[in-house]
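Asker: Residue-level listing of the chains:
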Amino acid sequence: MAKIHVTTTINGDPAEFLCEPHETLLDILRDELQLTGSKEGCASGDCGACSVMLDGRLVCSCLVLGAEVQGSEVETVENIAQGDKLHPVQQRILEHGALQCGYCTPGIVVAAKALLDRNNDPSETEIRYWLAGNLCRCTGYDKIIGAVMDAAADMRGEAS
Amino acid sequence: MTYDLDNLKIVGTRPIRPDGVDKVTGRANFGADFKMPGQLIGKVLRSPHAHARIISIDTSKAKALTGVKAVIVGEDMIDIAHELSQTGETAIDVHDLSLNVLARGKVLYDGHALAAVAATTAKIADEALALIDVQYEVLPHVIDVDEAMKPDAPVLHDDMFTKGLDETPTTPSNIASRMEMGLGDVEEGFKHADIIIERSYKTKAVHQGYIEPHAVVANFAEDGTAFVWCSSQGHFTVRDLCAKLLGMDSSAIRVIPAEIGGGFGGKTTVYIEPLAIAMSKLAGRPVKMTMTRAEVFRATGPTPATSMDVKIGVTNDGKIVAADCEFRFHAGAFAGSPVGAACMAGLTPYALENARVVGYDVVSNTCKSGAYRAPGAPNGAFAVESAMDELAQMLKMDPIEFRHINAAEEGTKAIYGPTFKQIGCKDVLVATREHPHYKSNLGPNQGRGIASGFWFNVGGQSNAAVNVHEDGTVTVVEGSPDIGGTRAAMAMMAAEVLGIEYERVQVVVADTASIAHNDGTGGSRVTFATGIAVTNAAEDVVLQLRTRAAADMGIDVEDVVWQDGSAQATKGDAKSMSLADIAAKAARTGGIIVGRSSINARGAGPSFATHICDVEVDPETGYIEILRYTTVQDVGKAIHPSYVEGQMQGGAVQGIGWALNEEYFYNEDGLLENPGFLDYRMPVASDLPMIDTVLVEVANPNHPFGVRGVGEAPLVPPLAAVVNAIYDATGVRMTELPVTPIKMLAALDAYKEAAE
Ligand code: FES
Ligand code: FES
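These protein sequences, in sequence, are chains C and X.
Plus 1462 on top of the position in the first sequence (first one is 1) and you've got the working numbering.
Plus 8 on top of the position in the second sequence (first one is 1) and you've got the working numbering.
Simulated from the structure, these hints should not be mistaken for laboratory data.
No false leads were mixed into what you were given.
Each computed DSS-like pair below joins lysine-lysine, with the alpha-carbon atoms no more than 30 Å apart:
#1 K1465(C) with K69(X)
#2 K1465(C) with K131(X)
#3 K210(X) with K751(X)
#4 K1465(C) with K43(X)
#5 K751(X) with K158(X)
#6 K71(X) with K1465(C)
#7 K43(X) with K1547(C)
The structure displayed is predicted, hence computed values, not measured ones.
With the sequences and hints as input, model every part of the structure.
Answerer: Below you can see the structure in the form of structure tokens.
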């Protein structure tokens, strides 16, 4: 079967690729476009390691087909730091030691930023439910939650 | 050399880890993030049966498929005799490992690998797998450990005759071995008991649940050498096991340690790595293999299901007079469960005069069990600490007080042999009792449980080099894969010794050709053992710096001390030379400065932990909510407290999952029914409260900075802490894990009925 030609925007830049109908956006990002920051933990939508933004919505890229992103805008973890300036979520994760192996971290960064972009004053419970789709097996989530709360304060311009 | 722990500049602070930025930006390269030009994709054919004889495997159609470049089956592997290969914390039988990597004769569990293919695309590889024709004779299977021990159980291995009995049996069975250890006279001890409790407990197999599936890229070159990229807890272990399985020299295999996305003991052996090398050899091209999540669940090494009996006798004033345990652990398809460690650890928080533990290592038709964070200890502690809780109730004694009366201390002889030196068991209990959590109030349907746990921690072989660059910056070269921030700990210790800023130290985890053997990252050993190697290597640098400075100053090296990052003369004129000054002249004063150390570290210093757990049990649904959780642990000296706390929090949450949700669920055909994160339910953020940590710092005298292992002890207490809290909330004693809402509700109903 012929491959499908897809043109899209990834991290603000035009991108095009050929994909098979069954290939997921995650496969395309990692294998075709060399954007390996998004991770595969399950390929079934249960771990969130593959989290990306698709037209402003937080999605599991393993549940999106490559062919579906024709004409869309995709943003991945690689685009969250601006130049050498880390996003507050990234900075606070580092300061809190909110990562151990770091495999879940790209997904957590993308998901947490998506939350703070729509609500920069979430409660602990709101953060916990928002991140409930991002498995972290190392940290017990405690420091991740703390880091996101501090990042929210940063984004509100509060000194801490 | 030991350091004044109250006067440290860097150790004990919380700098950002050296590999941190790469890990928050997606730049870090994990196992599956690497590819090679011309690489093939390798896939594995796995058994659909729990137990079956392989009558034939016909690979001719798969081989004929266009795009298929290599196909291997078990018969292509070399035969290897039984031999234990030490991998640090555990020993692996390479004969069994070979059969686990590719089955021969029989498949022993659902998911057992029996053939592999490498093809130009993943799709072709999948098609090729479907074209392999395997004829099976399905055999009766056994999953449950107690069932597997019965004389009429289906036998997995015709050559398994129970070891450790007075007389070796003449008929094969699934009992690989029996072990026994003890202190004093148990029968005599029980005679002095006022109260004796006897209980049985069961746990299910649970998986480490690391989020990164196993992945490897291997390239076998025509000169007989192989390049291997993979994530593991020990790349030297990967190298040596692959060399044994494939009949290669260790020096011919170079393993590059990718960043590792979690292991918890599960990445201390090999599965697909030897297959990738073997198929690369056949195809003459690189081969990349990644496991799916289902493969990780079906065919790697979860910690085993267990069945345990505990009998403890106490006097009315709360003194334990005797303890007698029997632990039955299933090992999976091949011998080698962590039952030995369970026997050694289960009773060890207590000073006992009379104790006996008997362990059985049992095979069954499940994937070969692997190490999981304090392997065996959480199971044993679940049993012992549940019984201890019941005893405290019977004695009408505070559970911490009861434990404190019996707690191990300096001079206590442990059941596994040693007499403890400086340990923090009692300090931890006292800190727990004094924590505000322990004194806080509870509401209706709420309860509080505590439990203690012990882990040995290991030392082992580590080596490191500290390279001083001309500009006065430093690179530490070590060989322990960094799973949880150990690069930061190494940089901190090196900077402390050298007296320079943390930011001037970089840390590299080198590949197997660039540094000598290091035991794997396991046994909570890295900050301890590799930390000693790095400290020694940095001290070696200091000596060289002093020597060069002394020569420059024209005085004896004895008259030069190292202070605040510079060599200072103690005699004559007050001269001083900084590390950067000396480094800048190094080329002219004898060449670049390199410090080295190679050690086999002893005296890891055991860890003790006590956890407090509050739960609320919904009487309508049986749902158990964790309300509050506090972990208290003797951590030795915390080099980077954030990462120490992180270990404690992560371990506690894994234990909560084990207690409440996680289990390998087999159907009546012996097939795993939940090989995915949806049905194998690990804790998510919304299931949990913050996890409080109390670091009790009882320095380990055997480490220059007082480090003890930290990573494993936190998984030991939670199982019992959770069920003890459930008991406190409901009056119902749960003895089988996991306590799912369904089980809880049934138990609540039965309890109510009995009361009526
Ligand atoms: S890989 Fe997409 S959710 Fe797990
Ligand atoms: S840091 Fe390892 S999975 Fe989150």
